[in-house]
Structure formats: structure tokens, C-alpha cells
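Colleague: Listed below are the residues making up each chain.
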Amino acid sequence: MDTIVKKRIKQVIKGDQNAFGEIVEIYKNSVFQLCYRMLGNRHEAEDIAQEAFIRAYVNIQSFKQDKKFSTWLFRIATNLCIDRIRKKKPDYYLDAEVAGTEGLTMYSQISSDSPLPEAEVESLELQETVQKEILKLPEKYRSAIVLKYMEDMSLNEISEILNLPLGTVKTRIHRGREALRQQLRYV
Amino acid sequence: MCPEQIFELMHDYLDEELDPEKERALRDHLKSCKECETIFNELKKTDAFVRGISHMQAPPDFTANVLARLPKEKKRIWMQRWFTNHPMLTAASVFIILMMGSLFSTWSQDQEFSVSKQKNLVVKNNTVIVPKGETVKGDVVVHNGNVRIEGEVQGDVTVINGEKYLASAGHVTGQIEEVNEVFDWIWYHMKRITHDVLDIFGQPETK
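Chains as they are written, first to last, in my numbering: chain A, 1 to 187; chain B, 1 to 207.
Be aware that a few hints might be false.
[To be verified] Pairs of lysine-lysine, DSSO-like flavour, derived with a Cα cap of 27 angstroms:
no., chain 1, residue 1, chain 2, residue 2
1, B, Lys34, B, Lys22
2, B, Lys72, A, Lys132
3, A, Lys10, A, Lys87
4, B, Lys191, A, Lys10
5, A, Lys6, B, Lys22
6, A, Lys132, B, Lys45
7, A, Lys64, A, Lys6
8, A, Lys136, B, Lys45
9, B, Lys72, A, Lys7
10, A, Lys136, B, Lys72
11, A, Lys140, B, Lys191
12, B, Lys22, A, Lys14
13, A, Lys87, A, Lys64
14, B, Lys117, B, Lys191
15, B, Lys22, B, Lys44
16, A, Lys28, A, Lys68
17, B, Lys117, A, Lys140
18, B, Lys119, A, Lys28
19, B, Lys72, A, Lys64
[Unchecked claim] Covered stretches of chain A (in silico footprint by chain B; criterion: 3 or more residues with CB under 8 angstroms from a CB of chain B, positions within the stretch not fixed):
no., segment
20, 9 to 17
21, 43 to 52
22, 118 to 132
23, 171 to 182
To be clear, the hints were calculated from the coordinates, so they are not data collected in a lab. Note that the coordinates shown come from a computational prediction; the quantities given were computed from them, not determined experimentally. All residues carry an ideal CB built from backbone N, CA and C; glycine is no exception.
The shape of chain B in the complex, shown without the other chains (with noise of 0.2 angstroms):
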């Protein structure tokens, strides 16, 4: 019987620990008795077999079943998944979120009766009048109140929480446009923002 060293040096072959040396050594050995080839080569058969299992697939829906097991998720980390998966999204509803506000605001503290500046209007219990025969220059914004056009506005008109009159005498080049409701009014300011923003857009190329 050889000695048990031997068996030692053919695991480590098979564990690739074995130096060069050693290995000459067990080659050696192997060459002059025929008992340890035989165990040698069994063992490498042994360890091609265990080698050749194939590999093995968890089952399909391994990992919704890992995750339906957990413990419940934080509320937060939910939203703040959510907010990095959809950056659009959440640009947009802030952006809504801060402009609903700050028209809201102004809405709110939009009570007072006010109108552009213009010399040549005429103002009357909170009515505003484009006297007759005069021409006003530029838009003519009132705010809670009411206006008369008798003579000429060179630009739009736009009543906010009131009427317009128009005389048949009166002549408006722009548009005339009246804001009563909060949507509208909101919609009018949307409008007033885009034009700024195609107007800050539009001016370079102008230039």
C-alpha cells in the first residue's frame, strides 16, 4: 500500500494547490504503480463528473416571491424612487405646484381696483373711460372695473373682474378681452407668460 501522502498530493492536483515539484514527484509515483494511476485517474473522473452537474435556474419568479416576502418598504424611499425614475415628470409637477401658487397669490391679493398708465384715460367710480376723440397708446389693462371706449385704443384691451363697453364711436387695434373667472384669468396670465418667454426668445434673433 502506498503511502497516504500520495493521496494527499493527487487532491491537491485536482485543488490546482500543487507545485511543480510535487507534481513531478506524483507523476513519478503514478509511472511505477499501476494501483495509484487507477485511483488517480478515478478520482479525476470523480472530479470531471461533480464538475459536469449542470447549472442550475432558480425558477422564474424567484425574485417577485423574495420580494413579496420582505418586510413593507418606507413610504419614502418609495417616493424618492419615484422621483428619481421620472426627473420629467417631477420637474414639471413642481414647476405646476409653484405657478398654481403664485397665481393663486395674486388672484387673492388682486382686489384692488387698478389701471395702466396711460395720460389720457379717464377714470369714473371705477370706471375707466377712453374719452371721445382721444387715441391712447399702448394696452389698456383694468383691473375690478369697468371700462368705456369712445375713442381710439392703438393696442389690446383687457378687463379683468369687469366690463367692457364699447361705443360705436370707439375703435380698439388690438384685442379685446375680458377675464372674469379665476380659470380665466389664469389662463389669461399662462398666455402673458408664454409670450414673455417667446419674447425674451424671440429678441436675439431679432436683433
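Just chain A, with the same shape it has in the complex (with noise of 0.2 angstroms):
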């Protein structure tokens, strides 16, 4: 795999951009996941994901190919998060809570085509929770935690992509899991 990145990324120095749709196609999830997890909302997170390829393309003669790619990609866009949370406007998306209802969005007042079985409702409801005691926390623990609980995730690479010493990310970690320790003590 990081063979094969390596490759493409070679050939999109050379201004190949189907190869940097492989890379996309490879990393899609993990950058838009990160960015739904910063912001609580597809439609944000979709942009910032988009941009932070954007960027990384238009930047790759800044990167360092003996590196990490996907460290050097979650870095852009963890700041093109913390950037956005910075200056949020506020704007209203179909997936933005209803004013004065408890966790209802837009998508909900648009009918869905079959009802969840009750377990999975459940779930989803334990998810939506957890999301947003996630989104509660300020936005340096949040970066943290985000990253942390993101797949094969090391200390070293957070404290890389946060440009931060380990310890500082450690203890990040720490108050935000004890932040949603606290929150999430009686779900």
C-alpha cells in the first residue's frame, strides 16, 4: 500500500492527476471522517475534506517523500478543521439541529423510505450522542481525541500531525476523555 503511494505520488509531482484520484479514492474516508468528527456536519465536512486534497495537491512539492503521506494529509486537514470551527458562521445545513428540538435535524423532518429495525436505532442514537459530546469538547481536545480514535492511530503520528510535543498530546487526550467520561457516564 505505501508502496503504491509512493509511486503515485510521484507520478502526480509530475502533474499526473488520475493517479491523485487513486491516492483520493484511498484516503477519502479516513479525511472525510476526520473532518464529520471536527465539525458534526456532512455538508462542512465534505468541503473541508474536499480543500484538504485540494491543498495537498496543489502543495505536493512541500512534501517529504521519505514521510508518512497520510500524516502529512491528516495534518492539512485537521488544521483546515481547527480553521473553520475558528471562524464558524453560522449556517444552516439540512443536518443541522432543528431550533428547540433535541437532537432532530433536517434529514429527519425529510421522510425517510423504511423504518431502522429498534437495535439499530439504538445505536444510531448512541453514535449521534457520542458525536456530539465529541463536538462539545474544545477544539484542542477534540483534534486529539478525533485523531486518536481513528484507526491505527499512534501517539507519534498525532503528536506529527498536531504539530505538538507527545506529552502535550497525551495529556489532550487525557482531559478529553475524561471530559466524555463525564458526559457519557450515564448513556
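If you follow the hints, you should be able to join the two separate chains into one complex; please do so.
Modeller: As C-alpha cells, then:
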């Protein structure tokens, strides 16, 4: 996998957009998920995830090829998310919560095609609760927690993505997890 | 209240960063302290919850949307990719271009009168005559001239850019062909090349 990515990156540097398309295919779900966990909104997450890939393409020359590509890509995506959170304007999207309702989004106002089984509804509700609690975390804890719980991410990688010392990353994960514990313990 | 250090151990445990010795210390403490045990269980539950939120799929047209937003690709790259993706077509088109080039250049060089060398052919004013009663062995090829066949030709007769006249007494054992237009001429060349190629492949078998 790494060798494929390395080969594709060489082609991208030469300007090959099809090769970049393959890279997008490999990482699109992780990057989208990262953005969604950070922003809590599909529309915004898609927008920022796309932006992250475009920035990666435009700045591919500055990527050091002996480093892990995913680390570099996630760093771009995380920074874009943090920027977006900082200058967040009140926008209205389909999955933004409808004012005055608890957990009701515009999606739930569009009638769904088929009723979901009980267990699935429950697990979806739990997922929504967890996601909502993650979104309540201050952005510096949120980024550490979101990265920590993405597949195969080591503390070292997180420290590289966030450009923070390892000790700081640990502290942020611990504080973030503690905050989540207090919110989720009675669920 | 238990020392802060115990909470650190719990988190390190969840980060899978706890060595066995410290893990034993943590376990010992948890056995003796109900309060900490509850917190530890809550932390483990939280950890499982966050881990359990399902993986997300990017929207289906995500890649296409990204590619559509990229700055324009250089033409050169596009051509290179096309060539590498279609090696057979590339080889074929290079072959055709080269062949066309050589054919056309031969066509334009070929404006002089010439005739294949057979000793009993008579040439008069750009007309090649196969005299009455004579037998010409082998193929007769005439460029930019006419041919009159009054005798016998044991082989094919080809006239390029000219006319053939076959007298009633004349006889050709092979085929008679007249080539007057560029495309006829190209076709003639192609046939000849194929014939030569087949000969090359055919020869070893007959030997």
C-alpha cells in the first residue's frame, strides 16, 4: 500500500491527476470521517475534506517523500477543520439541529424510506450522542481525541499531525477522555 | 480522594502505554478502592463508545468532485497517459505514420520512367514492348510508362502510372495490374509488403 502511494505521488508530482484520483480513493473515507468528527456536519465535512485534498495536490512539492503521506494529509485536514471551527459562521445545513428540538435534524424532517429496526435506532442514537459530546469538547482536545480514535493512529503520529510534543498530546487525550467520561457515564 | 497519578495510569492503560509493573499497581489499587474502580469502568465504557462510532463513508461522488476542482492538467501528461494506456494503438499509429511517410516519399520520387530488367523487353518512347514470339520470364514492372504485350510473359505484369495494351496474340501467365492513383498505388505497396512478410514467415517452413 505504501509503495503504491509512493509511486502515485511521484506521478502526481509530474502533474498526473489520475494518479491523484487514486490517492483520493485511498484516503477519502478517513479524511471525510476526520472532518465530520471535527465539524459535526456532513456538508461542511465534505467541503473541508475536498479542500484538504486540493491543498495536498497544489502543495505536493512540499511533501517530503520519506515521510508518511497520511500524516501529512491528516495534518492539512486537521488544520483546515480547526480554522473552520474558529471562524464558524452560523450556517444552516440539512444535518444541523433544528432549533428548539433535541437531536432533530432536517434529515429527520425528510421522511425516510423505510423504518429502521429497533436495535439499529438505538445504536444510531448512541452514536449521535457520542458524536455530539465530541463536538462539545474544546477544539484542542477534540482534535486529539478524534485522531486518537481513528484507525491505527499512534500517539507519535498524532503528535506529528498536530505538531505538538508527545507529552502535550497525551495530556489532551486524557483530558478529552475525562470530559467525555463525565458526559457519557450515565448513558 | 486518590492521588492524580492513579488517573494517569488509567489513561495510559487505555492508550496501551502501561508497562506490566504499573498495571499491577493500578489493579491493586482498584481492588481496594471502589470509587476508582467505578471511574475506571466508566472510562473503559467511554473508550468503547468512542471506538464504536461507526466508520464513515465519503459521499459517492467525492473523488470526482475533488478532481473537478483541481487546477487544469498539462496536455503533455494527458498524452503520456493515453500512450501508456493504449500501447497497441500507439504502436499501430506510429507504424501507420511511418509507413505513410515512406510511401508518399517513394511516390513523389517515383516520377521517372523505369522498367524491370529482362533482356528481351524492347523500350520505345516510354512504351515497353514484349515482342511477338518472345517469352519473358519473371514479373514485369513498368513505372510511368505504357506496356504493349504482343508476346508471352511468364509472370505478373504491373503498370504504375501508365496503360497496358494486351494484343490478341499476347499472353500473360500471371496477373495484370494497372496502378494509376495514389491510393491504388498505396494498396499495391501494402499488398506487396504483406506478401514479402508472408514470404519471410513462409520460407522456413518450406525449407
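Colleague: So, for every hint listed, does it hold in this structure?
Modeller: Evaluation of the provided hints:
no.: 1; hint: Lys34(B) x Lys22(B); verdict: 19 angstroms, holds
no.: 2; hint: Lys72(B) x Lys132(A); verdict: 39 angstroms, violated
no.: 3; hint: Lys10(A) x Lys87(A); verdict: 35 angstroms, violated
no.: 4; hint: Lys191(B) x Lys10(A); verdict: 46 angstroms, violated
no.: 5; hint: Lys6(A) x Lys22(B); verdict: 40 angstroms, violated
no.: 6; hint: Lys132(A) x Lys45(B); verdict: 16 angstroms, holds
no.: 7; hint: Lys64(A) x Lys6(A); verdict: 11 angstroms, holds
no.: 8; hint: Lys136(A) x Lys45(B); verdict: 19 angstroms, holds
no.: 9; hint: Lys72(B) x Lys7(A); verdict: 21 angstroms, holds
no.: 10; hint: Lys136(A) x Lys72(B); verdict: 40 angstroms, violated
no.: 11; hint: Lys140(A) x Lys191(B); verdict: 77 angstroms, violated
no.: 12; hint: Lys22(B) x Lys14(A); verdict: 52 angstroms, violated
no.: 13; hint: Lys87(A) x Lys64(A); verdict: 30 angstroms, violated
no.: 14; hint: Lys117(B) x Lys191(B); verdict: 22 angstroms, holds
no.: 15; hint: Lys22(B) x Lys44(B); verdict: 18 angstroms, holds
no.: 16; hint: Lys28(A) x Lys68(A); verdict: 16 angstroms, holds
no.: 17; hint: Lys117(B) x Lys140(A); verdict: 94 angstroms, violated
no.: 18; hint: Lys119(B) x Lys28(A); verdict: 80 angstroms, violated
no.: 19; hint: Lys72(B) x Lys64(A); verdict: 24 angstroms, holds
no.: 20; hint: 9 to 17; verdict: holds (count 4)
no.: 21; hint: 43 to 52; verdict: holds (count 3)
no.: 22; hint: 118 to 132; verdict: holds (count 4)
no.: 23; hint: 171 to 182; verdict: holds (count 6)
Checked against the numbered hints listed earlier, the structure breaks hints 2, 3, 4, 5, 10, 11, 12, 13, 17, 18; every other hint is satisfied.
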